[in-house]
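Novice: In order, the protein sequence lines correspond to chains E and F.
Reminder that position 114 of the first sequence reads as 113 in numbering that gives the first Met the number 0, one-by-one numbering, no gaps.
Reminder that position 202 of the second sequence reads as 201 in numbering that gives the first Met the number 0, one-by-one numbering, no gaps.
To be clear, the hints were calculated from the coordinates, so they are not data collected in a lab.
A couple of the hints might just be wrong.
Identical chains blur together in the list; that is why a pair holds if it fits in one copy or across any two.
To be verified - Calculated lysine-lysine pairs in the DSS-like style (CA-CA distance at most 25 Å, straight line):
(1) LYS104 with LYS123
(2) LYS45 with LYS152
(3) LYS123 with LYS72
(4) LYS236 with LYS72
(5) LYS123 with LYS45
(6) LYS236 with LYS123
(7) LYS152 with LYS236
(8) LYS45 with LYS72
(9) LYS152 with LYS123
(10) LYS104 with LYS45
(11) LYS152 with LYS104
2 protein chains.
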Amino acid sequence: MRWARVQLNGMPTYAVIEGDTVIPVRGSPFDAWERTSNRLPLASAKLLVPVIPPTFYACGMNYAEHVREVAEKVGQQPNLPTQPDIGYRANNALIAHGEAIVIPKEATDQVQYEGELVAVIGRKCSHLTRENALSAVMGWTIGNDVSERTWQKNDRTMWRSKNADTFKPMGPWIETDVNLESLVTRIRLNGRQLIEFRTNHMVFGVVDYLVAMTRYLTLYPGDVVWMGTEGATENMKHGDTIEVEINQIGSLRNSVVREA
Amino acid sequence: MRWARVQLNGMPTYAVIEGDTVIPVRGSPFDAWERTSNRLPLASAKLLVPVIPPTFYACGMNYAEHVREVAEKVGQQPNLPTQPDIGYRANNALIAHGEAIVIPKEATDQVQYEGELVAVIGRKCSHLTRENALSAVMGWTIGNDVSERTWQKNDRTMWRSKNADTFKPMGPWIETDVNLESLVTRIRLNGRQLIEFRTNHMVFGVVDYLVAMTRYLTLYPGDVVWMGTEGATENMKHGDTIEVEINQIGSLRNSVVREA
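Only chain E is shown next, with the shape it has when bound in the complex (with noise of 0.2 Å):
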């Protein structure tokens, strides 16, 4: 099942898509909800980020090799997580398939993407066991952690270089069933394919890090999960088109500016 969340007579809203109709639903999927009789064509439809999280986690540092080209360009040691801590990102950074990335004008040129793997909870939870950690995702959709990677290496914290805003886009929707181990990651600049990885293949599996997190805090209904990215990345500029795919939920794609 597939849920997204549109604009509708200036409200967002939460829809169910099939096939490509857009079904409108009064109430949301973290809770009680039926469908309108109301149907949209998917091409007309404004998507919009389809969760705004309560907390906004993200991994960061969950691939072997992103680990060794990350540490490379911030001027570090490689070394692999020994213990999976999570991190955080900011609710002001996301935008919605579709909208432009704008890189602010005193940006470098050293601004990537980072496709991941997204877990969206779907219950308020704590204490998750390895058997059990799975139920609490409602489903998956797809982030771009762009990354300046000049503020990434010089400041005393990841503000900037991850967080400006327009920095995290999210969606195109989220996918309720997905088979983690089959799912392959793809990343495209203008079309060029230029990474491609097994997205279930991480330091820290999704299970590993929902019962390591839920022994010290509460997930709630929306709360997101950015699994991290694999491989090196690629600078992108104005006029750029970046999109990440992820078989069985979607594909991520946003136009990219520089700020005047």
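Go by the hints and put chain F onto chain E.
Specialist: Leaving out everything else, chain F in the frame of chain E:
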């Protein structure tokens, strides 16, 4: 003017506090609102976290003496920040005035308070200037940035050292009328005063942070910015009561229990 959020008929409700009286409103301080005819005695009101932020910002390392103290505790060189790089905390950890800080059973005894001034953002804004930055702040509250020092030292991120459930007491309410230069923060453990500092004597002040942040990010109504703490901090243990008082605002008081 003093804004609180209270539990009323099972629902979170914004309210104005006048003396010992709580006056629930329709609406919120971030939008249109009007007083209801209801009146409650403050002593019997259940105060909630005064706002659930869309994004939860925190300065860290923003007072000179504290930078030296923490560096020693976590085994790093003390480096005063050279620019206002904002950080983040997580909503799962928020608790209200009067609620209990729960020390996880795996934590060491190095669980410590950090009393902080909190700026509450009142309107959507970006590209603030030194002249108009404070006009974006609708009011001020108090935060206690509870920290487990061994996790802060050893983990890759501050997820459980600073964001375990209950580690972010905030409240008791939001005070709109404050003279920053005359604020004094006092921290008391079981009634014994431990620290007293001039609240506004920061490495980077509120205006510095808001101007720097909004060059790259948009602030939204209800966002909070925790401004950091001063001085050495001590351990809290089961049975303790920790209190952070800032004159003109109020006093944030929480009990401490260790998870069984």
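Novice: All hints are to be evaluated individually against the structure, with a verdict given for each.
Specialist: Hint by hint, here is what the structure shows:
no.: 1; hint: LYS104 with LYS123; verdict: between (40 Å within a copy, 21 Å between copies)
no.: 2; hint: LYS45 with LYS152; verdict: neither (36 Å within a copy, 45 Å between copies)
no.: 3; hint: LYS123 with LYS72; verdict: neither (38 Å within a copy, 35 Å between copies)
no.: 4; hint: LYS236 with LYS72; verdict: within (18 Å within a copy, 43 Å between copies)
no.: 5; hint: LYS123 with LYS45; verdict: between (29 Å within a copy, 23 Å between copies)
no.: 6; hint: LYS236 with LYS123; verdict: neither (40 Å within a copy, 28 Å between copies)
no.: 7; hint: LYS152 with LYS236; verdict: within (20 Å within a copy, 38 Å between copies)
no.: 8; hint: LYS45 with LYS72; verdict: neither (37 Å within a copy, 51 Å between copies)
no.: 9; hint: LYS152 with LYS123; verdict: neither (36 Å within a copy, 29 Å between copies)
no.: 10; hint: LYS104 with LYS45; verdict: neither (28 Å within a copy, 47 Å between copies)
no.: 11; hint: LYS152 with LYS104; verdict: within (18 Å within a copy, 36 Å between copies)
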